[in-house]
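**Q** So you can see what is in the structure, the chains are spelled out below.
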Amino acid sequence: MSWILATPIIIPFATAVLAFLFRHGPEGRWLSVLGSAGLLVSSIILMLTVLDEGVIAAQMGQWPAPFGITLAADLLSAVMVVITGITGLAIAIYALADVEQRKEQLGYHALYQVLLAGVCGAFLTGDLFNLYVWFEVMLISSFGLLILGGTRAQLDGGIRYVTLNLISTILFLSGVGLLYGMTGTLNMADLHGAVQEVDNPGLLVVVAVMFMIAFGVKAAVFPLFFWLPASYHTPAISVSAIFAGLLTKVGVYSLIRTFTLIFTTDIAYTHTILLWVAGLTMVTGVLGAAAMNDFRRILSFHIVSQIGYMVLGLALFTPLALVGAVFYLVHHIIVKANLFLVAGVARRIAGSTELGQIGGLYKTAPLLALLFLIPAFSLAGFPPLSGFWAKFLLIKAALEEGGYIIAGVALAVGLLTIFSMTKIWGYAFWKPHPAGLEPRLSRLSARDRAALLTPIAALAVLTCIIGLFPEPFVQFATRAAEQLLDPQTYVQTVLAAAPEAGQ
Amino acid sequence: MELLVAIMVGVLVAASVHLMLARNVLRFIFGLVLISNAANLIIFASGRLTPESPPLIAEGETTPALDAANALPQALVLTAIVIGFGLFAFALTLVYRAYQNLGTLNSDEMRVAEPQAQKPSTAGQVAEKQYIARDADA
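Top to bottom, those sequences are chains D and H. Under my numbering, the first sequence has 969 at position 465, and the numbering climbs by one with no breaks. Under my numbering, the second sequence has 374 at position 127, and the numbering climbs by one with no breaks.
So that you can see chain H by itself, here it is in the shape it has in the complex (with noise of 0.2 Å):
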């Protein structure tokens, strides 16, 4: 069982390298998506992954059978899937707002913060009149 699920995990983080390591802002995030569920997969294995014994106390034991799996790492698990949720969600949202205000999902063409030429971006000069206009004002 833990072999398949290393299996599993080598096959899914080499599909995320794959997708980030295109320029497609887009695909880098779906290979976001992938790792991060790799990751909870390599957790989720640390707790041991045994189908035939539940992690039950007999009576009169205090701890469960040895072999039974743990069930802390499963908790972790689910934490982190909903924290991840979190994240991507937001990730998604910002490439989308990206596209929309960048007009491209190319990250070789966004290079608004970092101008190949030194010389100011547009967008860095109407935000520093608006600064000036600001306190013109007040």
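Same shape as in the complex, but just chain D (with noise of 0.2 Å):
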């Protein structure tokens, strides 16, 4: 069993190891792609399993739980490890064609696996304290990823990103330090029934917030967001493409996990707080995107203020709004990421991002005009997409419970996110090149193309799936929801997982 758990965290550190070897000839970049299919195949091995047995758990070492280092997969999880392989797959290979030689030989395919091992191990874990060491994996790839390169706007970026997300981890870190002295434990099952015991439920709220507030930078949610804008439009598409798509998600998986596993004891309090979060969060969040004139930073702004639409799912607590959540978890992945590779392609044929600088890719590249418009009109919620599902249950579970403002600002945030859309098409694509240059997807080499051309298509496919068939996608939502708000399953699976022998 235990294998099952411990693949999608092994496989891209091996595979880090062996790009770092590798990174001065070609192999290195192979070598991450195949790295990232690795994890693909062994993260829907992982989601198969936990379809068939419902949650599983293993206890790494030889330490029974609560003692020992767990690793358990909930429905939620799997789905997340799954996305995770197939983003990390998806931009890998764009990388071929995207990632300069030199920020090769510096180690970017190493740093990147890093990052999914980190990313995969935040979310399988199942102890806290564990969360807060692949929480600093991931980081600390994420830093070198970001900078590397070392242009002025990437270090300038760069102090902002680190500087707040240091912050953030020291805050989780204090939380933890005091959740132990209240509990005793730091086993996130073992929670669940530990802080109901705490004599001081007062002081148990106050953590909730200061892991609430830690999680909640690491997600970008206002007003604790302004180290994302500054600097995801910095380094690499690559790299700003996996920022985009996993970074952020990961903050609100620890949300949604801390919040309905451990921290319920006060919801009154602690999910009236995040219902605020999140209206404020999607209404910046698009107010910030109407503002910008550049590709990636509309999108960045775009990125916080989705993050609301999670943060509403959590914040309503009832079934079918975590079921949106988990729903908008996965399509916004998918769309993040894939619009951050377009506005890559849109940059290597017209020559920027920046939109007054380009034009003219509607007349000359319409198969890129095509595949901007699927993720474009998915994030901006129109049927039959991704986004539109995602959208509809959320605002439905809003209306459910008498939120009439909430959904109101939601359904608002999401026509401002047209106006975004919109804003790019007009500019990037309609309007002529100011240069005079025709933008054609021929100036790129026959194997770059296929190589960038590839994962954008894969990944539009996806969205136009998931929104032609939710059905299964929304059942499938259904039961991960179920589970998080009846942990019952989740509880005793970990505490009762055996040691495994001979490690």
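None of the hints are false.
Here are the simulated distance ranges between beta carbons:
1. D:Trp780 to H:Gly333: 33 to 43 Å
2. H:Ile328 to D:Pro888: 50 to 60 Å
3. H:Ala336 to D:Trp534: 25 to 35 Å
Honestly, the hints are just simulated from the structure, not real lab data. For each residue, glycine too, the CB sits at the ideal point set by N, CA and C.
Relying on the hints, combine the two individually framed chains into one complex.
**A** Below is the structure:
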């Protein structure tokens, strides 16, 4: 059992070591693709096992829970690992044509794989302190990726990214310390029972808010998001895309995990804060995007705005709302990573991501225009694409709870999202290129074209599939939400998992 | 003992907030070092601080005495210190590189990534030109 849970972490780590050794030759980038494909396969095996058996858990080392190193996967963890595998592979292929050789020699592919390992570890761990360690693994590799190349903009954005994220980890760590002092355990399943017996519930809420702030910084919610639009548009496109797809979502995942499993003692207080945060995050993100004039900076602000929808699902805390949140997480990772990849191709053939300096893409590169329209409409929530169902579920959940204002806000933000997307469309695709350039896909070599467009097309097809056949995905999200709202199975499985012999 | 540590944590956090509110990025990094040590002390204190009773298990018993210090938070602190050390080494190098390249430590003057006016930075333009040149070569 334990190997199924451990492979999504081991494979990227092993790949990272190999990719580092072969960083000077072309082998490094192919190893990265191969490793990401291996990650995808192992994550699908994990998913099939979880679908079959419900929650699975294993103790690494020979110590039983709650003392051992617990790895656990329920449906939410499993689907997050699968989606990590999908985006990881897509962007590894894209990187074949996007990352310069100089960056490869500095160890781009090794850092990329360590990042994937950190993300998978965070999704699979069943222990709060280990979650902290996985966050650090993720952080340090993301630091490296962000400033690789060392342009002035990267260093500038990097300082904001590094400092604010470090503050968040320190808050997280303090929260872990205080929680351990109160309960004597850090195993998440064990904590579920232990927090009920804390004799000072007020202090527990304080710790809950510390975790909320720490994960809130990672998830880039209002008012803690400033590091994100300052840095996400500076590194290589593949780095922007993997950050945009996965990193903030680890924060959202951690929020969902801790605020459904551990901090449910004072829902009226904590989840009301989350509701306000959700609304304000949606609005500020979308308004920030409206003020931007750069392809990637618009998309960066939209990450913030979309995070609000996921937090909304958690804040409402009804079965339907959590279904919406899980669905939204999956949809958003695919769509947002894809939009960044499109921005990268636009930059390659038109010369910039600054909207004032590019244009004419619709006339001379209609295929790219189509590939942009699919994720852009999906992001804005057009039927029949995946974003429509995600928003539909969340807004329906809000209306059922009588949250007319928040439902109205969510709808209005959707409308403003369309505004931003039409702005990109108008500037980058419709208006003629200001320098008279004719941006054609044929400017790229055949090899680059294949490496850049295949992942974009694959992710776009995935969006369409989720949108056209939402039934199985919604059913899956429903089961995942049931597990989150009734964590008894999770708790029992983790605490009963026998330690593995002979590690 | 816990009270002393608690006061210590308070002083450290206050000092670090003071440092972090400065516009000088280097001061900010020093503040970060202080606040991370405050966090380490919190974990340390959460495992009971007892100078008199060592966490040893008496013969015939299976658990140590109830008021003995818990060893787990101390192990956690060690991990946190090591990780923190690595991160700060990185942060310091980053600040140094930024100072070399941007020529300032004032965070208000660091506006390359987010220029005030809506026009692209020169650094961005150079990068973009290299990008196009690369494709033209290919």
